[in-house]
Amino acid sequence: MSVPNSGEKTELPPPKTQVGVIGWLRANLFNGWFNTLLTLIAGYILISTVPPLIDWLFLDAVWGMVDPEVCKQAEGACWTFIREKYRLILFGTYPFNEQWRPLVGVLLLLTVVGFSCNRRFWHPWLGAVWLATLLIYLMLLGGGVLGLTPVRTELWGGLPLTLLLAVVGIVVAFPLSILLALGRRSNMPIVKSICIGYIELVRGVPLITLLFMASFMLPLFMPTGVSIDALLRAQVAIIIFVSSYLAEVIRGGLQALPKGQYEGAESLGLTYWQTQRKIILPQALKISIPPIVNTYLGMFKDTSLVAIVSLTDLLLATRQAFADPEWRSFFVEGYVFIAIIYWCFCFFMSKYSQHLERVLDTGHKR
Amino acid sequence: MSQTEGVSAESKSREAARRMPAPDANAIIEMIDVHKWFGQFHVLRDINLSVNQKERIVICGPSGSGKSTLIRCINRLEEHQRGQIIVDGVELTNDIKKIETIRREVGMVFQHFNLFPHLTVLENLTLGPIWVKKTPKAEAEETAMNYLERVKIPEQADKYPGQLSGGQQQRVAIARSLCMNPKVMLFDEPTSALDPEMIKEVLDVMIELAETGMTMLVVTHEMGFARTVADRVIFMDGGEIIEQNEPEEFFHNPQSERTKMFLSQILKH
Ligand SMILES: Nc1ncnc2c1ncn2[C@@H]1O[C@H](COP(=O)(O)OP(=O)(O)OP(=O)(O)O)[C@@H](O)[C@H]1O
Ligand SMILES: [Mg+2]
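Protein chains in written order, with my numbering: chain X, 1 to 366; chain H, 367 to 635.
Calculated directly from the structure, the hints in this document are not laboratory data. One or more of the hints may lead you astray.
[Unchecked claim] Derived coverage of chain X by chain H (criterion: at least 3 residues anywhere in the stretch with Cβ under 8 Å from a Cβ of chain H; other residues may be distant): (1) 263-271; (2) 276-282.
[As the list claims (entries may be wrong)] Far from chain H, some chain X residues (derived; all Cβ distances over 12 Å): (3) PHE58; (4) LEU59; (5) VAL202; (6) LEU218; (7) TYR342; (8) LEU360.
The structure displayed is predicted, hence computed values, not measured ones. No residue lacks a Cβ here, since even glycine has one placed at the ideal position from N, Cα and C.
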């Protein structure tokens, strides 16, 4: 195998792509009149927006616990508002003295999410861990056991509610959408038409409509006396909605696989489910990571629509915070604050998906 | 590989007695009056073929003559519409259990390898034994390593298929099929997608396999391989078996005009 070495090898340095800062600027920002123009425009926009923003956010901002009247005089942001209202924003209408419970719940949930992100923990028992976590989460928030005062779900709110809707939505919609995607590609006419019907029906209506229907129409069909929890109804509506989108995303990934992969698996005698589980889905899901995360990011932010059926999610809780007449004028601060919270979670998801793409890459290009 | 010449000559004479056996007695694959259509297109016409155990058959013919379709019917990657196909005593029908049984007995090697790119070479090889035959993992890995030695790439076990050359990938694909311990091996143009210098390494593996007494059906244009290894060469055209004979006769004394034309084209250089 080894080729006889043909004498000395001279190691050449890689070609210099940048010669100093000036060279880099020349090559990247000022190459040609058009790019120079774009650079100047971009520079002007940055200079005229970034410093004032920094002033408003930090330098001129009020950080201390002062009177709202004092705050109004300030040039910059009034973070006093957040300090005053952060518990209302983060926990909504949850009873003030019990708010440690959702806090513990959220920390637990985030810990489990963190662990699940690591491939080393991808075992079947992770499913059991998740089930236990969700039960503990619901028990913590709902109370009624271990001496915890019961708290009705209508009172749950803020970040714990948003996270619950999002995480359960993500976790439950995922397997559901895989089944829908497989069903839509199935040879069995009944399964196929049910899946197509479900996907096309649900994709065709706005989430708000689904939430309304789940909240106001579903009870009409229920026998009197039977009532389903409002939170549960909203959660189910979200799951139904997301799974229809996700199903199509995953179907796209399935379409992308060459027929040879099925034939390779079939020729070994693998059954349909073995083929899907071991060969097709791992590859299809891997190529679908970017659009899957796209769908999830959209869903995470769409959870704020549950406000329409009177659930106090992060966004509605914030609006309640500046409903206080004294603090009415500080809504920008409130929105910026929760925007940062939303952004942190979304940025984490986005970064994680890029990480996954990297670690799952096996160096093949098909 | 040093003994190829001797062994193949010897096994040839050993096979001579078995070459034209009484029909059915020893048959592992039996195709009776098989027809197949793709929509309106009649792709296989009245195929009658009986393959004996340990027989090595080479199938050749012009492009589009139905060679791939024929061997893909044997493990039901394609469905036939008329006639009977019986593999190792089991008739192929829509019964998925029977199909899976037959697929366990029949290995297949494809033109484009069809390895699983998200699994390592070793995982590609152990997947079938572990999931289909319920072999314990350690045992499956041991078998897999044995076969990787046989195809001469044990050092690639932990790589991904995308990191191997075409010839290496095809040898992995052969090893993957062999790990299922099949009774029959089907090859669909196993060397057509390979660069010339890689063709030999794959053919060598196939020749060795033939020497172990494996029943093989090989679609190929490698006439050298047909001469050294085959017990019978089958010529197809237009979905029909036009002619079949032992290689000597087939190459030197072709009967039909179409065979003569095909041979003159393929052996021109
Ligand atoms: N899935 C399919 N649907 C419709 N027609 C098909 C399909 N597969 C093959 N055919 C047609 O059937 C005929 C036989 O195809 P087949 O692949 O068996 O030929 P082949 O002898 O293997 O040719 P080649 O040497 O090019 O591989 C061809 O005309 C082909 O176009
Ligand atoms: Mg072919």
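> Quick check: which numbered hints come out false for this structure?
Replying inline: 8
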